[in-house]
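Number of protein chains: 2
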Amino acid sequence: MTRFTVTYRITASDARQAFARAQGIAHEQTVEVPPDVVPQGYVRDEIVGRIEELGPEGDSVFRAAISYSPDSAGPDIAQLLNVVFGNSSIQKGIRVIHLDPGEEILRRHPGARFGVEGLQRLAGRPGSGLIAPVLKPQGIGAEELARIAYLCALGGADIVKEDHGLSDQRMAPFRPRVEAVVAALDRAEAETGRRPLYFATLPGPFERIEEAIAFAKAARVDGLLTMPGLFGFGLIARIARDEALAMPVMAHPSFLGSFVLPEDAGIAHGVMFGTIQRLAGSDISVFPNVGGRFGFSEAECRSIAAACLDPHGPGRPILPSPGGGMSVDRASDMRAMYGSDVVYLLGGSLLRSGEAIGEEIARMRRALDA
Amino acid sequence: MTRFTVTYRITASDARQAFARAQGIAHEQTVEVPPDVVPQGYVRDEIVGRIEELGPEGDSVFRAAISYSPDSAGPDIAQLLNVVFGNSSIQKGIRVIHLDPGEEILRRHPGARFGVEGLQRLAGRPGSGLIAPVLKPQGIGAEELARIAYLCALGGADIVKEDHGLSDQRMAPFRPRVEAVVAALDRAEAETGRRPLYFATLPGPFERIEEAIAFAKAARVDGLLTMPGLFGFGLIARIARDEALAMPVMAHPSFLGSFVLPEDAGIAHGVMFGTIQRLAGSDISVFPNVGGRFGFSEAECRSIAAACLDPHGPGRPILPSPGGGMSVDRASDMRAMYGSDVVYLLGGSLLRSGEAIGEEIARMRRALDA
Chain A
1 MTRFTVTYRI TASDARQAFA RAQGIAHEQT VEVPPDVVPQ GYVRDEIVGR
51 IEELGPEGDS VFRAAISYSP DSAGPDIAQL LNVVFGNSSI QKGIRVIHLD
101 PGEEILRRHP GARFGVEGLQ RLAGRPGSGL IAPVLKPQGI GAEELARIAY
151 LCALGGADIV KEDHGLSDQR MAPFRPRVEA VVAALDRAEA ETGRRPLYFA
201 TLPGPFERIE EAIAFAKAAR VDGLLTMPGL FGFGLIARIA RDEALAMPVM
251 AHPSFLGSFV LPEDAGIAHG VMFGTIQRLA GSDISVFPNV GGRFGFSEAE
301 CRSIAAACLD PHGPGRPILP SPGGGMSVDR ASDMRAMYGS DVVYLLGGSL
351 LRSGEAIGEE IARMRRALDA
Chain B
1 MTRFTVTYRI TASDARQAFA RAQGIAHEQT VEVPPDVVPQ GYVRDEIVGR
51 IEELGPEGDS VFRAAISYSP DSAGPDIAQL LNVVFGNSSI QKGIRVIHLD
101 PGEEILRRHP GARFGVEGLQ RLAGRPGSGL IAPVLKPQGI GAEELARIAY
151 LCALGGADIV KEDHGLSDQR MAPFRPRVEA VVAALDRAEA ETGRRPLYFA
201 TLPGPFERIE EAIAFAKAAR VDGLLTMPGL FGFGLIARIA RDEALAMPVM
251 AHPSFLGSFV LPEDAGIAHG VMFGTIQRLA GSDISVFPNV GGRFGFSEAE
301 CRSIAAACLD PHGPGRPILP SPGGGMSVDR ASDMRAMYGS DVVYLLGGSL
351 LRSGEAIGEE IARMRRALDA
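Taken in order, these protein sequences are the chains called A and B.
Read in order, the letters of the first sequence correspond to residues 1 to 370 in the working numbering.
Read in order, the letters of the second sequence correspond to residues 1 to 370 in the working numbering.
Just so you know, the hints here were simulated from the structure itself, not pulled from any lab data.
Each hint can be trusted.
One copy or two, it doesn't matter: identical chains are merged, so the pair holds either way.
No more than 25 Å apart at the CA atoms, straight line, and that leaves these computed lysine to any residue pairs for SDA-like:
1) LYS92 <-> GLY325
2) LYS92 <-> VAL61
3) LYS92 <-> ALA306
4) LYS217 <-> ALA180
5) LYS92 <-> HIS27
6) LYS92 <-> ARG330
Let the sequences and hints guide you as you build the complete structure.
Here it is, written out as structure tokens:
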């Protein structure tokens, strides 16, 4: 059974300490007992992580590739992540910089149902960047959100996506909101013959998520937005693996920032917003764009897009979706940077156009197609 | 409707920038649009976060208390956390250092079903520290784990807890494992008349969690261990709010370390492992103990215990549960530090005793009662 391999960047004063720390990780992430009490045989030989590679990366920084048995991860994505970084997340100076799932984990976690090609086909725009305006702000009513959706549809939006802060609050509860938006898109379609995909934000509580998924499907929602930082990556896998449901998943980075921000701990940008999203089954991975109000660098954003699109990555390539400070004026720069396999989120800046939202989206389309 | 208040520590060069950042958070966490497009009236007046207090905390560090409407958070714990720190988690130099839920959020999230008193009563040890050996390591079979449970029960353990790395792997699948452990505890009870509480680790995948909970209840498991970093805090609330189920919840810190480690970002130790756990409904909050292989300081551990036990905190006071490097030899030091409202996790070190695990637990009991 092919083992899966996690590469960690480890802070250590010298090679000896680096080896001790790598050994610590190999035990911590699996048996979680000291080496002297690990049972001989299968547990010691297969379950305990195996240091495959260890070398210096820089001043007091080492790189350790540790392989694990698929037995350790079992069938579930949460337990896979538990092995990758569960307890090690609590230790200083350990950062996950690469994850190679290997054949067996790939078999268990086959990835996105739709991916780049599937999504572009669903949106009727093969090989092209998709424009996804966001329905917001939180606090306005379902009918007002639906009106924005209608204007976006008239303007030629490819995806109409709900803000991740629209949950099931009394101002625009999930069910009436979804019904109002679907009705607005029906009207737009009747008028123009074209219809954007509609991604609704899946609300909690936990015990009503299944009902909410079923409701969304029955109401003709096209895709679901979820926040793995708050609901877990297992919810993404649950949606992606449901053949009868057959709905694409958009993952939002809310509550995941603390993993990527520290340089010497956490999880690298490309692994969190690329590799792990692909394994879980996300079709679209939202992340904060460079130059907006979030502090991601251009290199970090490029690493995310590369991990989403890497033809050798796990499962299907998926669509990176930069958002946060995205605007029509930046369209051609963004196109130069990200190319055509991308979902451009248009958020707050779009609302400045008032009734002219549609024209702004059409202008974005022209800029991308130029 | 009482607003809830989050206090952030913000990095800023001067008071002017601190104010701009605080205003940024107030918008980011709610409407997520620039101030100039926020609708007048209810959305601007109620939904947008309100800076209640802003002042210097140190060199280039400010403290901002921002209040939010319960309307913004809605009924679900995931959306509450989304307002507290969702997108702000992705911005540098913002750390949540306090969370005051206020009356309305407390009404929606009443907290732990059992808490300190309830758990001590269930364990038959009112006012006393509880000893909780851990069943491990991952990789051994269900019968071997059950045998350890049996020895722990004979030794007088108060809680027998499964390692968080025991999921539903083929070496010890969830159902046969649970059945074997329950049978072992039945046998110990028949022999001694005393029975520890048994906390089983709830496995994924997402779509089978309900089945697993029902199975655990039917099999006479006493409590459930879950990892909110991987499964979400909504799962804790789902268990805590289920009156018919009436099972206590133990929360494990796996995959949550990245939130607390950075000094200038993330979420403070006491908020993450105290306040938020209490709001979600955890009865026991596991965290890495000082002096073990994790790097938490004594002050950080004390802040967690204080937040768990604060009589003015949300819901019932809950049991802090330091683990990781805990051993019988440290019992009296630990008792001096944590007092009697605490669950002492005994992990890998216990396995060194082999057949004498029970004697070690009895020795721990004597040290705590001395």
